[in-house]
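Student: Listed below are the residues making up each chain.
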Amino acid sequence: MIKWKHQDVMKENIINIQIILYFSSGHLPKLLGSIKNLDVKDQKVSFFLVDQSENENEYNKVLKECKNFKEINGISLKLSKQRNYGFGKGHNEIYRKNKKVYKDFFIILNPDSILHSDLIINISRYLDSLKDIRWGLLELKQFPSENPKSYNPLSLETNWTSGAGLVIRIEPFEKIGMFDENIFMYGEDVDISIRMRMKRYKIMTLPNAKFTHLTQDTDVSKESEFTRINKQAAELYLRYKFARDSDVEAYMKLFGEEDPHFEEIVKKYESMRRKLKKRTFYKDFVDKNQDYTNFRWVL
Amino acid sequence: MVKKWTVIVRTQGKEVDLELKNTLNSLIAQTYENLSVLLTIHSDNEESIENTIAFLKPYREMLNIKPIVVREKQGNRSYPLNVALENLDCEYISFLDDDDIYYPNMGTTLINAMEQKNKTFAFGRSIDVIERLEKNISGEEYLYKVSKSKRAYQEFSKSLLILENFIPFNTFVVKRSLLEGIQFNEEMDYLEDWHFLKQLMFKKEFSFVQLDTLVSEYKRRNDHTDTYNEENYGKWLESREITDDYFKEKEITVKSVDLAPIKSFYEELFENEKKKQLEKITENPGYKIWSRAINNKILKNTVVKFVRKIRELLQK
Numbered sequence: 448m449i450k451w452k453h454q455d456v457m458k459e460n461i462i463n464i465q466i467i468l469y470f471s472s473g474h475l476p477k478l479l480g481s482i483k484n485l486d487v488k489d490q491k492v493s494f495f496l497v498d499q500s501e502n503e504n505e506y507n508k509v510l511k512e513c514k515n516f517k518e519i520n521g522i523s524l525k526l527s528k529q530r531n532y533g534f535g536k537g538h539n540e541i542y543r544k545n546k547k548v549y550k551d552f553f554i555i556l557n558p559d560s561i562l563h564s565d566l567i568i569n570i571s572r573y574l575d576s577l578k579d580i581r582w583g584l585l586e587l588k589q590f591p592s593e594n595p596k597s598y599n600p601l602s603l604e605t606n607w608t609s610g611a612g613l614v615i616r617i618e619p620f621e622k623i624g625m626f627d628e629n630i631f632m633y634g635e636d637v638d639i640s641i642r643m644r645m646k647r648y649k650i651m652t653l654p655n656a657k658f659t660h661l662t663q664d665t666d667v668s669k670e671s672e673f674t675r676i677n678k679q680a681a682e683l684y685l686r687y688k689f690a691r692d693s694d695v696e697a698y699m700k701l702f703g704e705e706d707p708h709f710e711e712i713v714k715k716y717e718s719m720r721r722k723l724k725k726r727t728f729y730k731d732f733v734d735k736n737q738d739y740t741n742f743r744w745v746l
Numbered sequence: 122m123v124k125k126w127t128v129i130v131r132t133q134g135k136e137v138d139l140e141l142k143n144t145l146n147s148l149i150a151q152t153y154e155n156l157s158v159l160l161t162i163h164s165d166n167e168e169s170i171e172n173t174i175a176f177l178k179p180y181r182e183m184l185n186i187k188p189i190v191v192r193e194k195q196g197n198r199s200y201p202l203n204v205a206l207e208n209l210d211c212e213y214i215s216f217l218d219d220d221d222i223y224y225p226n227m228g229t230t231l232i233n234a235m236e237q238k239n240k241t242f243a244f245g246r247s248i249d250v251i252e253r254l255e256k257n258i259s260g261e262e263y264l265y266k267v268s269k270s271k272r273a274y275q276e277f278s279k280s281l282l283i284l285e286n287f288i289p290f291n292t293f294v295v296k297r298s299l300l301e302g303i304q305f306n307e308e309m310d311y312l313e314d315w316h317f318l319k320q321l322m323f324k325k326e327f328s329f330v331q332l333d334t335l336v337s338e339y340k341r342r343n344d345h346t347d348t349y350n351e352e353n354y355g356k357w358l359e360s361r362e363i364t365d366d367y368f369k370e371k372e373i374t375v376k377s378v379d380l381a382p383i384k385s386f387y388e389e390l391f392e393n394e395k396k397k398q399l400e401k402i403t404e405n406p407g408y409k410i411w412s413r414a415i416n417n418k419i420l421k422n423t424v425v426k427f428v429r430k431i432r433e434l435l436q437k
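Keeping their order, the protein sequence lines are chains G and L.
So the working numbering is basically just the index in the first sequence, starting at one, shifted up by 447.
So the working numbering is basically just the index in the second sequence, starting at one, shifted up by 121.
If you are wondering where the hints come from, they were derived from the structure by calculation, not from laboratory data.
Please note: incorrect hints may appear among the correct ones.
Cβ-Cβ distance ranges computed for the label pairs, FRET-style [as the list claims (entries may be wrong)]:
1. G/Lys646 / L/Lys187: 48 to 54 Å
2. L/Ala381 / G/Lys714: 25 to 31 Å
3. G/Asp738 / L/Lys187: 55 to 61 Å
4. L/Ala273 / G/Glu503: 47 to 53 Å
5. G/Arg543 / L/Ala273: 48 to 54 Å
6. L/Glu171 / G/Leu701: 26 to 32 Å
Where is the CB? At the ideal position from N, CA and C, for every residue including glycine.
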């Protein structure tokens, strides 16, 4: 058993949280209201809000909301902007710019969120109790609708973690090459989960570290076209990246050529596939009896 | 000007727990702009009351909550609700138990529908959730979701509501004007919500809009303590008699088209029961052996020969 070197993850009690904004000014009143309401005890919490809208009007709205925020109780807010890099590359860029002040981990969060007042306290408790565990990712619990996936109720291990709210341990994050910048949006959280598991880092879910995630619909069967196209393309890309051509073909048959978005999905997938430098067949690293679907969805 | 919507939450001032946190966070997440919460704390234990009020503090920064302490009539489920009804200054009312949640769109969706169609009652759909208290590797207790299932869409009909309590308490919004003269029956230990709905339904001003939209989660208990069981059946039956007696002189006109929802309700119930019984049968070890046997040619032939032999012997 690999003994994980104990690191004082709560050194200097600083929690750094990155939030990418993209035409998110409408969500800010509730998000910022909930940030002000956080019970942080003796923690220092820094929020890095980065606007990727590339729209001056939108940025001014964000600026107006953020100007009213004053540092209280050790909670600070920094606003900046950058190009619209998408999700994964966007967070990589923010991380690169700020990593000098980060300690052992950082958190990423969606802007359409309302933080529960005990979120930070609960994250701290988990980090303390899990300090001897070789973890790579800790998923914050979405409320009211959890992602449909399984997790072990005792060990809290899960098969993938959602990027909507995620604690990322820096050492393994850099080791595995950070977020895959070939993916614009959707799927990069699954990708990073797979790569963490391949390197034997545990990925876990934190049931009491909750935030309200205001997804478009609570009924997942009603997701938008944009979401659906990008998710399906990502599923194809991940099969290409980690599995065999036959896994890609099988998945394509699953949604079929009759699918109204088939061409767009395949086009998106092809553009990601062309940029991939190296395929990593997961079976080299994991139990040889698993197939991709099992590895992806089952603990 | 957005009209005020009040949600009445009843709690008993028990030790503040994970479920009430979820309830309040679901109200904070509401997209409806003019929301207020009346939280009745039904307890005569001063420490418990103080703890609950202290617990509310962070939520009051994000939510307009008015706690109402109710010390009288301990054990009476309806009394705190009636106290809350006397404290209303809003256009729309809903109810939420302290272990259930709303989805963020609940108020906006139902109230918009009521206003567009000029109705006095609107309701949506709920998801039944079963949770259990678990302890995990970090040493904490938390609520682990065992299952979630959408309740079947049941078309509204007045005659069906007379027969069955099919509208969950946390799925509707009602216009305050409809509540005139209506109270929760304080003699009932169970089914007080159903009795309330039937009273609304018989009012001349009652008009409804029903939406096929998920608006809430309804906590079910695996141990059936949330419905009638062996222990509470006597009291449940008493409550049933009270509500049936109250409405026995009331008349409604039933058209043949009204029978369709009743038929579909009982057909669905029957199918679900049949499915549960079949599941029990297929879990039976004897059935499993038989099922393996009939799929095994050699064994099947042996069994068939055996059965034929027995029949021959019986016929002799």
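Student: If a hint holds in the structure, say so; if it doesn't, say that too.
Tutor: Hint-by-hint comparison with the structure:
no.	hint	in the structure
1	G/Lys646 / L/Lys187: 48 to 54 Å	holds (53 Å)
2	L/Ala381 / G/Lys714: 25 to 31 Å	violated (47 Å)
3	G/Asp738 / L/Lys187: 55 to 61 Å	holds (56 Å)
4	L/Ala273 / G/Glu503: 47 to 53 Å	holds (50 Å)
5	G/Arg543 / L/Ala273: 48 to 54 Å	holds (52 Å)
6	L/Glu171 / G/Leu701: 26 to 32 Å	violated (57 Å)
The structure is inconsistent with the numbered hints 2, 6, although it conforms to all the rest.
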